[in-house]
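> Those protein sequences? They're chains F and A, same order as listed.
The opening residue of the first sequence carries number 5 in our numbering; numbering runs sequentially from there.
The opening residue of the second sequence carries number 5 in our numbering; numbering runs sequentially from there.
The set of hints was computed from the structure by calculation and includes no laboratory data.
Just so it is clear, the structure is predicted and the values come from calculations on it, not from any experiment.
Check before you lean on any hint, since a few could be wrong.
Said to hold, decoys possible - Here are the simulated distance ranges between beta carbons: (1) F/GLU389 <-> A/LYS211: 55 to 65 Å; (2) A/ILE457 <-> F/GLU228: 53 to 63 Å; (3) F/SER348 <-> A/HIS204: 54 to 64 Å.
To be verified - Chain A residues, not near chain F, derived (Cβ > 12 Å throughout): (4) TRP34; (5) PRO41; (6) LEU52; (7) LEU55; (8) ASP175; (9) HIS317; (10) ALA354.
Virtual Cβ for every residue (Gly too), placed ideally from N, Cα, C.
Number of protein chains: 2
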Amino acid sequence: MSTTQQVYENYRNKLQQIADVKYAAAVLQWDQETYLPVKGNEARGRQLATLTAIAHQMFTETTTENLINELISTSDLTDQQSKNIELSAYDFNKSKKLPSSFVRKSSEVINKSFHAWIAARKENDFKIFENPLQDVIDIKKQEADLLGYEAHPYDALMNEYDRGLTVKETDRLFAKLSPAITEILDHIKQFPQPDNSFLHRHFDKTKQWDFGLYLLKNMHFDFEAGRQDISEHPFTTNFSSKDVRVTTRIDENDLANMVWSCIHEGGHALYEQGLPDEQYGLPLGEYCSLSIHESQSRIWENCIGRGIEFWQHHYPTLQSYFPDQLKTIDIRQFYRGINTVQPSLIRTEADELTYHFHVMIRYEIEKKLIEGSLNAKDIPSAWNEMYQKNLNIKVPNDKQGCLQDVHWSHGSFGYFPTYSIGSLYAAQFWSNMNGTIPDLKKEISLGNNMSIINWLQKNIFSFGRYYHSSELCKIATGEILNPSYFIRYAKDKFYDIYKK
Amino acid sequence: MSTTQQVYENYRNKLQQIADVKYAAAVLQWDQETYLPVKGNEARGRQLATLTAIAHQMFTETTTENLINELISTSDLTDQQSKNIELSAYDFNKSKKLPSSFVRKSSEVINKSFHAWIAARKENDFKIFENPLQDVIDIKKQEADLLGYEAHPYDALMNEYDRGLTVKETDRLFAKLSPAITEILDHIKQFPQPDNSFLHRHFDKTKQWDFGLYLLKNMHFDFEAGRQDISEHPFTTNFSSKDVRVTTRIDENDLANMVWSCIHEGGHALYEQGLPDEQYGLPLGEYCSLSIHESQSRIWENCIGRGIEFWQHHYPTLQSYFPDQLKTIDIRQFYRGINTVQPSLIRTEADELTYHFHVMIRYEIEKKLIEGSLNAKDIPSAWNEMYQKNLNIKVPNDKQGCLQDVHWSHGSFGYFPTYSIGSLYAAQFWSNMNGTIPDLKKEISLGNNMSIINWLQKNIFSFGRYYHSSELCKIATGEILNPSYFIRYAKDKFYDIYKK
Chain F
5 MSTTQQVYEN YRNKLQQIAD VKYAAAVLQW DQETYLPVKG NEARGRQLAT
55 LTAIAHQMFT ETTTENLINE LISTSDLTDQ QSKNIELSAY DFNKSKKLPS
105 SFVRKSSEVI NKSFHAWIAA RKENDFKIFE NPLQDVIDIK KQEADLLGYE
155 AHPYDALMNE YDRGLTVKET DRLFAKLSPA ITEILDHIKQ FPQPDNSFLH
205 RHFDKTKQWD FGLYLLKNMH FDFEAGRQDI SEHPFTTNFS SKDVRVTTRI
255 DENDLANMVW SCIHEGGHAL YEQGLPDEQY GLPLGEYCSL SIHESQSRIW
305 ENCIGRGIEF WQHHYPTLQS YFPDQLKTID IRQFYRGINT VQPSLIRTEA
355 DELTYHFHVM IRYEIEKKLI EGSLNAKDIP SAWNEMYQKN LNIKVPNDKQ
405 GCLQDVHWSH GSFGYFPTYS IGSLYAAQFW SNMNGTIPDL KKEISLGNNM
455 SIINWLQKNI FSFGRYYHSS ELCKIATGEI LNPSYFIRYA KDKFYDIYKK
Chain A
5 MSTTQQVYEN YRNKLQQIAD VKYAAAVLQW DQETYLPVKG NEARGRQLAT
55 LTAIAHQMFT ETTTENLINE LISTSDLTDQ QSKNIELSAY DFNKSKKLPS
105 SFVRKSSEVI NKSFHAWIAA RKENDFKIFE NPLQDVIDIK KQEADLLGYE
155 AHPYDALMNE YDRGLTVKET DRLFAKLSPA ITEILDHIKQ FPQPDNSFLH
205 RHFDKTKQWD FGLYLLKNMH FDFEAGRQDI SEHPFTTNFS SKDVRVTTRI
255 DENDLANMVW SCIHEGGHAL YEQGLPDEQY GLPLGEYCSL SIHESQSRIW
305 ENCIGRGIEF WQHHYPTLQS YFPDQLKTID IRQFYRGINT VQPSLIRTEA
355 DELTYHFHVM IRYEIEKKLI EGSLNAKDIP SAWNEMYQKN LNIKVPNDKQ
405 GCLQDVHWSH GSFGYFPTYS IGSLYAAQFW SNMNGTIPDL KKEISLGNNM
455 SIINWLQKNI FSFGRYYHSS ELCKIATGEI LNPSYFIRYA KDKFYDIYKK
């Protein structure tokens, strides 16, 4: 082995050990959300804090820096090795920009704000959250300054979730998206709503659970490299590409809740299972960005999982699980019922169209909070005004309004846009698949998803973090993100569902 | 805060952070035994190795040593604080005796031997295990030399599990125990065996699970500070005294398997839940020794959980869970059935009397292996000879003979004796309880275990690791370990069960 390869080996070992600690923390978090007994919470909190601190310290210590510096200047590495080093150097430089005193302060502020948010929600009183939230906003402004940016401080924060994403780009996307959705909603308003009350009949929990597993199997989720459990809020996590865990929740009076959260998390999970295992702990073993991650959940949840072809195959099975509830509902009524578009208060319960207004409202507020043209105290009125204007909805209280999401209390500013952008990517990938895979819809209607998996494996999964979202999109589809694909998809779909 | 108290605070923080890492590893191990998908095993192995190495490195680094050294010489600490420092110094000095090159070598040898044991069991071929096992024996001899001992190298190994335990003491105990058991077995041989075939009827898994939870609740296992899951081999683990987890296994054709493994692990778990929570991560928050830990499982499993009074309360409930299987079995028949004594091949399936021969045989073999008068290749014949002599049983193959236990493949030499010694402690504690708690048996027959819990909390749990087993026993019962209590208990019980 050459000296360079030996140093690379040391770098790889170091990164993989850091990954071991981070994944261990992820196991503890998974357990916290699924099985932890209530009194175990306090010790679990400190165990997680210790692991996080150790992983941070291992990454930022001089030995790591030296390994990266030694390798970044050599030409003696393979292309993949060079890319790993380049990305690690990027991560290292970013983490160096945040002094440990700032990191500590930040985590204290966020901890306080999270507990204030819990209390504010409980009391339905934004005032309780106002000052702790302003502290978070202030610290995020500082973080943006420390990280650096060219055009807008919010760019620095979005960059944490989707490298290269900017206000300029997001404004461009949303400027196309917003009027198009309004146009479709105006169309929809002319027609009566489908009856989807059948989704709220009583659906036995065990049968729902079994049907969820059936769906995951059909999606080619590998149960030898993962599992599903129950948690309050569905999520996907992983401890290697061979151990990917999804969770779901089951509401006996809401079949849709389980079915599409299961498919959504399944999409995230396929991405993690498809990442290159031999790159464990290295940048190329990681996902591209949160936007691309969300594209994977959305393509399954919406493009595929709310499509007529998918249910042509699965609806008879679903009916056999729940004959009493569904035998009088034909597939067309089912299809229209699961695609009902109806402006509503809660983001996580929104349909795939109005969902984007929930995101765009949060985006506009976040941008202003970070640039300083809005403060925490102004949020409720700004929020309520925009819900009125964009969704024609009156927000009855802050609990169902600006207190509904956990993100701000966690300091996750810049995260929301990736939800919508993920859907836009999904539609573009979906369009490309349909153009390049002959008979795709027929395959889906026969329950065969292998062509989809193969397309995703080839165009998305296999690259890990090699490309930025934008580059990946161009390689996969031939052009950078273009919201027209989503708009076309939405019009085709909803003009068919809502018509005379 | 005084300077000493500030240093103590630093020591406490350090130890607690090390505990965080160790407990995190325990969570990963728990998950490995309960929920880990099969392909996740490889990454889990490396994650565990990394956490173990980090915890070891944190404990043995100079900052830890300096904190301990600074505190060991001061008189400015409380009694409990001094004891923590004294025990940490003991642990530190012990770990310093094993150079890291030795620790690495040892873990390699054990890793190989474990895999060889798996293969040897699969093939039912001791030869596959022979050389790797001899390597483990050789490394354990080295370990004994490095750790140091006065009389016998095996003392150094037993000391790892029960500080202060020696060959001399164990020989003394077993020299009394062995003939007494032979005497009882000779008595038993004169009588026909009770019919316990009803324990092998078909018992529904879900109902067994529910009955197990019912038993744990009756034992005052705190389900807000713990939980039960399923695993192949039942075990107890904990991640703080507020998060204690037991596992069980359920065989539909063997009710006894679940019931007494559940009570056994429940006994271990009560000990962990009862340890002083404010001593998290410190020696006084830890259990006394493996012998005392085993006394806690055995007192519940055997003294209480195979007693007639326990079932006077619970048997009607058990019958209501399984009316078809048990309605014709009266309580006396049930009681005799669950206490059948019958020499058998497998330790983990043995009755509470012949169990000790399984342990004593292993002890004799281990002693000789470590002193060098026996080698790995001699094990099968030595084993089979002793089973013939002590239990009058012919061992048909090594899988059911000397390959049955995992312990040697793990390098756990010195562990087995604690199983028997734990039972002896249990009987002595049980005798003391019966002497000091008025109407104890009546309370138990009414389903009330609070006096037991209170006795254990006061005499065992609250001390943590303050005393050695022997000291603790003397404080709890007024004398050091005396096998007569077990012999008396066994004679009283089995002369009643086996009689005209």
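> Each of the hints needs a verdict: does it hold here or not?
Okay, the hints, checked on the actual structure:
no., hint, in the structure
1, F/GLU389 <-> A/LYS211: 55 to 65 Å, "holds (58 Å)"
2, A/ILE457 <-> F/GLU228: 53 to 63 Å, "violated (43 Å)"
3, F/SER348 <-> A/HIS204: 54 to 64 Å, "holds (58 Å)"
4, TRP34, "violated (8 Å)"
5, PRO41, "violated (5 Å)"
6, LEU52, "violated (8 Å)"
7, LEU55, "violated (6 Å)"
8, ASP175, "holds (41 Å)"
9, HIS317, "holds (26 Å)"
10, ALA354, "holds (33 Å)"
Hint violations for this structure: numbers 2, 4, 5, 6 and 7, all remaining hints satisfied.
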